[in-house]
Structures are given as C-alpha cells and as structure tokens.
Amino acid sequence: MKSCFSSGFLAGTALLLAGCAGGDHTQPSQRSDTGRTPTAGDLASIRYDVGPCHGFCPVYSVEVLADGTTRFVGREHTQVYGRQARQNGEQAFTQLQRTLAPWQPVMNQQRESTNCGPRVTDMSQYTVTWTGRDGRQARLLHDGGCRSASALSLTRLLDEEIPDRLGISNWIGTPSTSSAVTAPLN
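For what it's worth, the numbering used here labels the leading residue of the sequence shown as 419, then goes sequentially.
FYI, nobody ran anything at the bench for these hints, they're computed from the structure.
A portion of the hints provided could be inaccurate.
As the list claims (entries may be wrong) - What follows is a list of derived Cβ distance ranges for each label pair:
1) 545 / 583: 35 to 43 Å
2) 509 / 532: 31 to 39 Å
3) 500 / 535: 35 to 43 Å
4) 508 / 539: 36 to 44 Å
5) 470 / 578: 15 to 23 Å
6) 472 / 550: 33 to 41 Å
7) 459 / 565: 30 to 38 Å
8) 537 / 501: 32 to 40 Å
9) 494 / 578: 15 to 23 Å
10) 512 / 473: 28 to 36 Å
Glycine residues also receive a C-beta, built at the ideal position from the N, C-alpha and C atoms.
My request is simple: use the sequences and hints to build the entire structure.
Okay, structure coming up:
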C-alpha cells in the first residue's frame with residue numbers, strides 16, 4: 419500500500435513539475451515547427467477580431483496583409499461600420515509582426531493566453547490569427563478581462579497602440595448617434 423502511494427505521489431509530482439516548467443503561457447514560444455522564429459517574410463497576414471462585451475465595447479476585425487494593406491470591418495459600437503481599407507506599406511506589417519511576436523504561438527497551434535491573474539468578467543475577447551504564406555495558421559485567444567501585467571500589455575496593444583500605428587483609431591472611436599459613418603467601402 420505504501421509503495422503504491424509513493425509511486426502515485428512521485429508520478430503526480432513529476433506531472434505537476436512538468437506542467438510548471440512551461441512558464442508564462444501568455445507569451446508562448448515563437449519558434450515555428452522548423453525550430454526558427456517566424457518572420458514577417460513567412461507570413462501572409464495578421465488578423466485580430468475583437469468580440470463583444472456586456473456593454474458598448476467596439477466589435478470589429480482588423481487584418482493586415484504582408485504588403486501593408488489594412489482591412490477593417492466595423493460591426494458594432496464603432497465609429498465606422500462595414501468594410502474600410504487603407505495602405506500602410508510593408509513596414510507597417512513588419513512592425514506589427516515584431517510587436518506581436520512575443521505572443522505568437524507555434525504555427526498550426528491555437529493557444530489561450532494564461533497567467534490571467536485577477537479577472538474582470540464581461541470584457542471583450544480577442545482572437546489573433548497569424549497566417550503563413552503556406553496557409554498554416556497560429557491562433558491566440560485572449561481574454562480582455564485578464565489583469566496580469568503581460569495580459570494588460572497585450573490588451574493595451576490591441577486596443578490602443580496598434581490601431582494608432584495603423585491609422586484606424588478614428589474608425590473604431592466612440593460612436594455618436596449623429597455622426598457615425600455608415601457608408602462602408604465595397
């Protein structure tokens with residue numbers, strides 16, 4: 419009986435330690451399955467979708483293509499509704515890839531940001547998708563209610579810094595009932 423307990427205890431401890439060895443999964447490995455860090459040249463696009471909250475949070479998606487074309491679709495509670503596009507140049511795509519690289523999962527994997535810390539409920543959910551030129555994807559699911567330092571950093575990037583850099587902040591904005599633009603580009 420004692421040896422069964424000891425073996426079970428040791429096996430459980432080994433599993434617990436193996437699980438802890440992974441560290442902070444809010445910033446997962448950047449290595450591709452070839453063992454090297456994906457670069458902007460390996461990617462065709464980076465897209466992120468911002469989902470609804472229980473309130474008036476903006477709901478939209480942003481996709482940046484390798485050539486710098488930025489596509490925006492405003493769905494709810496945005497200043498601009500529907501499809502919009504602008505050209506930001508290849509350097510904007512390269513900068514976006516570098517900015518989000520610490521959170522990029524390995525291609526062909528989907529991860530949830532963990533190490534959430536304290537969590538506020540009913541906040542926006544984010545899905546960031548990196549698509550390679552070969553069609554493979556990496557996807558990160560992020561909860562905007564997470565309050566750990568790294569989670570807050572990612573939320574701030576997605577909500578403020580990246581839209582500012584891409585020149586789309588005014589499309590997201592805070593809609594007013596009298597001035598919201600409703601005529602999207604085709």
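**Request:** Take the C-beta atom of residue 545 and the C-beta atom of residue 583, compute their distance, and say whether it sits inside 35 to 43 Å.
**Result:** About 20 Å separates the Cβ atoms of residue 545 and residue 583, which means 35 to 43 Å is violated.
**Message:** I want to verify a distance hint. Is the separation of the beta carbons of residue 500 and residue 535 within 35 to 43 Å?
**Reply:** holds, 36 Å
**Asked** Using the C-beta atoms of residue 459 and residue 565, is the stated range 30 to 38 Å upheld?
**Response** holds, 35 Å
**Prompt:** Does the Cβ distance between residue 494 and residue 578 fall inside 15 to 23 Å?
**Reply:** At 19 Å between Cβs, range holds.
**Prompt:** Using the C-beta atoms of residue 537 and residue 501, is the stated range 32 to 40 Å upheld?
**Reply:** holds, 33 Å
**Prompt:** Lying within 36 to 44 Å: is that true of the beta-carbon distance residue 508 to residue 539?
**Reply:** At 40 Å between Cβs, range holds.
**Request:** Look at the Cβ atoms of residue 472 and residue 550 and judge whether their distance stays inside 33 to 41 Å.
**Result:** With Cβ atoms ~35 Å apart, the hint holds.
**Request:** Confirm or reject the claim that residue 509 and residue 532 have a C-beta distance inside 31 to 39 Å.
**Result:** Since residue 509 and residue 532 have Cβ atoms about 32 Å apart, the given range 31 to 39 Å holds.
**Asked** For the pair residue 470 and residue 578, does the Cβ-Cβ distance stay inside 15 to 23 Å?
**Response** Roughly 19 Å apart at Cβ, these two residues keep to the hinted range, so it holds.
**Distance restraint hint 28 to 36 Å, applied to the beta-carbon atoms of residue 512 and residue 473** = holds, 35 Å
Checked against the numbered hints given earlier, the structure breaks only hint 1 and satisfies all the rest.
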